[in-house]
Structure formats: C-alpha cells, structure tokens
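Visitor: Dock chain B against the given chain A, drawing on the hints supplied.
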Amino acid sequence: MKKTRLVRYIFPLAAALALGALLLIDPPAGRKAAQVTLFSFKEMLLVIPPIFVLLGLLDVWVPREKMVRFMGDKSGLLGILLALFIGSAAAGPLYGAFPVAAVFMRKGVKFTNLLVFLGAWSTTKIPMFLFELSALGAGFALTRLLVNIPGIIGMAYILRLSLREEEVNELYARAAAEER
Amino acid sequence: MIFTYVFYGAAGLLLVLSLLKDRKKTKAALLKAWKAFENILPQFLAILFIAGILLAFLTPDTISRFIGRESGWWGVVGAALVGSVTLIPGFLAFPLAALLLKNGAGATQIGAFVSTLMMVGVITLPVEIKYLGRKVALLRNLLAFAFSFLVALVIGWVVS
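Chains A and B, in that order, give the protein sequences. Numbered according to this note's numbering, the first sequence spans residues 289 to 468. Numbered according to this note's numbering, the second sequence spans residues 63 to 222.
Just chain A, with the same shape it has in the complex (with noise of 0.2 Å):
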C-alpha cells in the first residue's frame, strides 16, 4: 500500500527533474519556468482547499434524491441552469473540477448536466468574466459569453449522443466504485 502511494509521484518527480535539468541547461527559461510553477502551485494552495472542504460536505451532507430531483434524469430546464450556475459559480482552474463531476456522478446527476457543468466551469466563470471584461474588454468578453453559453449546452448534448448507453452507465459505475 505505501508503496504504492509513492510509485504514483514519480510521474511528477519526473517533471520536477526536468525542471531541474532545464534550470541547469537553460538558467533564464529554468527561473521563468520555476517562476510560473511556482505561481500556479501558490494558486493551487489558495484555490483548491475550499473546493476540496465543500466537495466533502456535499458528498456527506446532500443525499442522492435531492441531486437526483433537481439535476437528475428528470430535472429538465432546472438541472440545465442549475449546472450553468454552478460551474459559473465555481473558483480554481477545470482540473478542479472533475473531483466534482465524480461526486456528481454518484449523486445521480444527469450526464448533460455534469458536461455543462464542466462547460460552464472551464468558460463562464463569473469571476474569470470579470477579469475578461477588464482586460478585453465588453464587445470581446460579452460576445464570448453570449457564443458560450448555447455552445456548451449544445456540445453536452452532442456529446451524449455520440455515446451509447452502456458508456455512460459505465462511467458512473466507475465512480461508484472509487467512493470506498
């Protein structure tokens, strides 16, 4: 068992050393690339824990009907803007959020649902369009908003059709199982 755990941090032991070797090869491009990890791993810290507390709250606290009620099977429009507002609402960069889509996952959420969620996460972020407002300003961040959000309800749907029954199931199941 604690073999196991640490076999699983070689790949990133791996990407440490090359970090390591570029500062050596490369000292201007190393300081640049330890500065950005560094920055990212500071906004890992920041971000991450909140998410990580309420994911566990929600696992223990929500029980399955009432996620199954409203962004289940049967949730209609409801579950739609339901995961749009979450995962506008959400914080942190989208490998945040597919822990989330997990315990959606065993939650009974519908699968449309969790793929607009994740669309909504990785795009519509409410604070992520505010910072794009100021930056780009309203005709580029507005525009964007206005494609986007049709757009991911439209890819989550595609995408569920272009995938048979047993996938999704399976896909769940599979989360299920990594509850233990």
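The hints are simulated quantities; they were obtained by calculation from the structure and are not laboratory data. Fair warning: this is a prediction, and the values are worked out from it, not measured in the lab. Just to be clear, a hint being listed does not mean it is correct.
If the Cβ cut is set under 7 Å, some of the chain B residues that face chain A in the computed set are [unchecked claim]:
#, residue
1, 76
2, 78
3, 87
4, 115
5, 157
6, 166
7, 180
8, 193
9, 195
10, 199
11, 204
12, 207
13, 208
14, 211
15, 218
16, 222
In this text, a Cβ means the ideal position worked out from N, Cα and C, and glycines have one as well.
Guide: Using the frame of chain A, we list chain B on its own:
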C-alpha cells in the same frame, strides 16, 4: 481574488454548521475531501511543472509571431493549438491576451487562443481521462477545440 474569499467563507460557514449538527459526519466529510485531493495530487503537481516548462518557451514574442493580424487562418489554427497545450492561470491569461492584442495579434486569433485555453486541456487530459474515461475526455476536448473556431469567428466579426 474576492471569489476565492467567498469560497473560503462558504466552506468555513458550512463546515461550522456541519460541526454543530454532527461531529462524525463532519469528520467523514473532511476525510473524503482529503482523500479526493490526495488521489489527484500527483497529477496536479505534474501539471504544474509541465505547464511551467512550456510557458518558459512560449513568450509573448513567440506567440505574437505565430498569431499576428496578418497570419490569417493558419494564425487562428496556431492560436487554437497554443491555447490547447498551455495551462495559464486565468488572471495571467487575460493580461497576456490583452498584451498580445496590443502587440499586433488579431482579435480572431486571440478569440481562438482564449477559448481553447479555457476549454481545451491537453496537459490535463490524463486527469480528465481518469474521471471521465478516454472517450468522453477526448470527445469533449475535440468538440471544444472545433467550437473555439466558431467563437473566434464571431469575436473577430464583432470586435474588429
């Protein structure tokens, strides 16, 4: 950023409520939170290192050479590709995009860059596959990549 503090506030408040209501359940929740985090931590760390190394080579100069206003469709494709393989924290990404626009990148190209930057994640693909499976992860990224061209077109049309 304010939203991060809102998240901390919400998490803290709910945690206290949870503690008041049920100590055991709260402990279980925190344990789940930690497990979910530790489960994905190695990949997170690898992503941070790789993203840092990539960004050291993709300076604003290099990027604007690819995606200047005159670069046309190839520039849009290049911008979309660069956005797909990079992972830049949001509050660095938008100032960078604004800088590129000022340095002569076209709005269509920047639209493609920003869109794929946020929606498509090549570096994070292994994490995504872990949770969503290979097929869904690949399809989601491909769809988002294609969709980014539509976003770019509309932005180029509206903004210029």
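Visitor: Each of the hints needs a verdict: does it hold here or not?
Guide: Taking the hints in turn, this is what the structure says about them:
Taking 7 Å as the C-beta cut-off, the interface hint given for residue 76/B holds, the closest approach to chain A being about 5 Å. About 11 Å separates the beta-carbon of residue 78/B from the nearest beta-carbon of chain A, more than 7 Å, and the hint is not met. Residue-level restraint check for residue 87/B holds (minimum Cβ-Cβ distance to chain A is 5 Å; threshold 7 Å). Given hint, residue 115/B at the interface with chain A, holds; its Cβ is 5 Å from that chain's nearest Cβ, closer than 7 Å.
Satisfaction of the interface hint for residue 157/B is found here, the shortest Cβ-Cβ separation to chain A being roughly 6 Å, below the 7 Å cut-off. For residue 166/B, the interface hint is violated, the least distance from its beta-carbon to any beta-carbon of chain A being 15 Å, above 7 Å. This hint holds: residue 180/B has a C-beta 4 Å from the nearest C-beta of chain A, less than the 7 Å allowed. Residue-level restraint check for residue 193/B holds (minimum Cβ-Cβ distance to chain A is 4 Å; threshold 7 Å).
For residue 195/B, the shortest C-beta to C-beta distance to chain A is roughly 5 Å, which falls under 7 Å, so the interface hint holds. Among the interface hints, the one on residue 199/B is violated; its C-beta lies about 9 Å from the nearest C-beta in chain A, farther than the 7 Å criterion. The closest approach between the C-beta of residue 204/B and any C-beta of chain A is roughly 10 Å, which is over the 7 Å cut-off, so the hint fails. Taking 7 Å as the C-beta cut-off, the interface hint given for residue 207/B is violated, the closest approach to chain A being about 11 Å.
Of the supplied interface hints, the one on residue 208/B is violated, with its beta-carbon coming no nearer than about 9 Å to a beta-carbon of chain A, more than 7 Å. With 7 Å as the threshold, the beta carbon of residue 211/B stays out of range of chain A, its nearest partner Cβ sitting at about 11 Å, so the hint is violated. For residue 218/B, the interface hint is violated, since its Cβ never comes within 7 Å of a Cβ in chain A; the closest pair sits about 10 Å apart. The closest approach between the C-beta of residue 222/B and any C-beta of chain A is roughly 9 Å, which is over the 7 Å cut-off, so the hint fails.
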